[in-house]
Amino acid sequence: MRLKIRPINTEQFRKHLSRAKLTEFLAQISATIIAMESCGGSHWLARKCQSFGHEVKLIPPQYVKPYVKTNKNDYIDADAIAEASTRPSMRFVGVKTETAQVISVIQRIRSSYVKERTACMSRIGAILLEFGMSFPKGHSKMKQLVEQNEDAQLLKSIPGVGNLTASQCLADISDVGHFKNGRQLAAWIGLVPHQYSTGGKTTLLGISKRGNKALRTLFIHGARSILSRPEVAVAVFGEWILELRARKPFNVAVVALANKLVRIAWSVLSTKQAFEVRV
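The sequence shown begins at 262 in this note's numbering and counts up one residue at a time.
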């Protein structure tokens with residue numbers, strides 16, 4: 262692992278350290294800003310740095326790449342990360358807690374089971390049955406995790422949000438304070454229009470589909486379940502939902518409602534108050 266330490270705009274030194282040596286080194290230096298790419302093991306290392314009193318900035322790899330000026334190696338990458346971390350407009354990744362990572366792992370495992378169940382689950386299930394073992398789905402464990410978490414219970418007060426969506430939010434939104442408002446959270450999930458502007462003309466296309474695909478999928482499923490029951494939709498969202506449905510195609514209305522659900526989720530997590538239907 263390459264380490265680069267520098268004061269503002271000035272390089273102090275470079276070092277090549279193993280992971281074990283790096284944690285020892287970071288424990289000995291005074292509190293500073295640690296910048297690194299958001300990659301495998303970065304959240305664990307970020308928590309270690311925070312425990313030593315450092316401020317951590319995790320940067321998505323695609324935002325570091327523009328600062329690589331020549332051929333790629335570890336030292337050049339370290340220089341690019343250091344440069345990217347100083348940009349005022351840089352977007353950083355929130356450091357996940359250990360609990361959030363555990364939930365995220367469970368979600369990813371479940372997602373892989375769903376994607377591969379035809380080819381993989383049938384095959385593995387048959388092998389396990391040969392040895393008298395069943396293949397658990399994990400629903401009861403997911404429900405147990407949600408029931409033990411206060412934020413998850415608040416999220417479940419939102420129509421269209423169940424155990425899966427609530428647990429996915431806990432896993433991926435480590436700190437809602439990273440988002441100034443609900444629109445920023447919706448943009449992070451990819452539920453805002455993709456903008457293409459040139460020559461002073463602004464064009465809004467379909468949703469950007471950037472960011473967290475799992476959360477986007479779950480919120481869209483939740484919105485679709487609401488719109489499929491008009492009486493529930495009107496009872497919760499009033500005339501707005503009827504006007505939206507009358508003006509827009511069904512799938513467009515679903516995405517618009519999913520965007521609204523995400524904004525409500527941001528409000529619920531920020532205020533720590535359950536969603537209530539306004540009469």
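Keep in mind the hints are simulated off the structure, nothing from the lab. Ideal Cβ positions, reconstructed from N, Cα and C, are used throughout, including at glycine. Hints may be right or wrong, so weigh each one.
As the list claims (entries may be wrong) - Using 25 Å as the maximum straight-line C-alpha spacing, the simulated BS3-like pairs for lysine-lysine come out as follows:
#1 K330 <-> K417
#2 K318 <-> K441
#3 K282 <-> K309
#4 K330 <-> K441
#5 K318 <-> K404
#6 K318 <-> K282
#7 K330 <-> K276
#8 K441 <-> K404
#9 K282 <-> K376
#10 K402 <-> K376
Said to hold, decoys possible - Now the in silico label distances, taken between C-beta atoms and shown as ranges:
#11 G438 <-> P327: 52 to 60 Å
#12 F511 <-> V329: 40 to 48 Å
#13 K474 <-> T360: 20 to 28 Å
#14 E408 <-> E377: 39 to 47 Å
#15 K330 <-> A281: 27 to 35 Å
Evaluation of the provided hints:
At roughly 47 Å between alpha-carbon atoms, K330 and K417 are farther apart than 25 Å, so this suggested pair is violated. Taking the CA atoms of K318 and K441, the gap is about 18 Å. The hint holds against a cut of 25 Å. A hinted pair counts as satisfied when its Cα atoms are at most 25 Å apart, and K282 with K309 qualifies at roughly 13 Å. Restraint check: the Cα-Cα separation between K330 and K441 comes to about 33 Å, which exceeds 25 Å; the hinted pair is violated.
In summary, the hint linking K318 to K404 is not supported, as the alpha carbons are separated by about 33 Å, beyond the 25 Å threshold. A threshold of 25 Å between alpha carbons decides the hint, and for K318 with K282 the separation of about 20 Å falls inside it, so the pair holds. For the hint linking K330 to K276, the alpha-carbon distance of about 20 Å falls within 25 Å, and the restraint holds. Note on K441 and K404: the hinted pairing is violated, with a Cα-Cα distance of about 30 Å set against a maximum of 25 Å.
Among the hinted pairs, K282 with K376 is inconsistent with the structure: their alpha-carbon atoms are about 40 Å apart, more than 25 Å. At most 25 Å may separate the alpha-carbon atoms for a hinted pair to count; K402 and K376 meet this at roughly 20 Å. The beta-carbon spacing between G438 and P327, approximately 27 Å, falls outside the hinted interval of 52 to 60 Å. A C-beta distance of roughly 44 Å is found between F511 and V329, which places it inside the suggested range of 40 to 48 Å.
Here the CB-CB span from K474 to T360 is close to 22 Å, well matched to the stated 20 to 28 Å. Remark: the range hint 39 to 47 Å for E408 to E377 is contradicted by a beta-carbon distance near 28 Å. A hinted range of 27 to 35 Å holds for the C-beta pair K330 and A281, which are about 31 Å apart.
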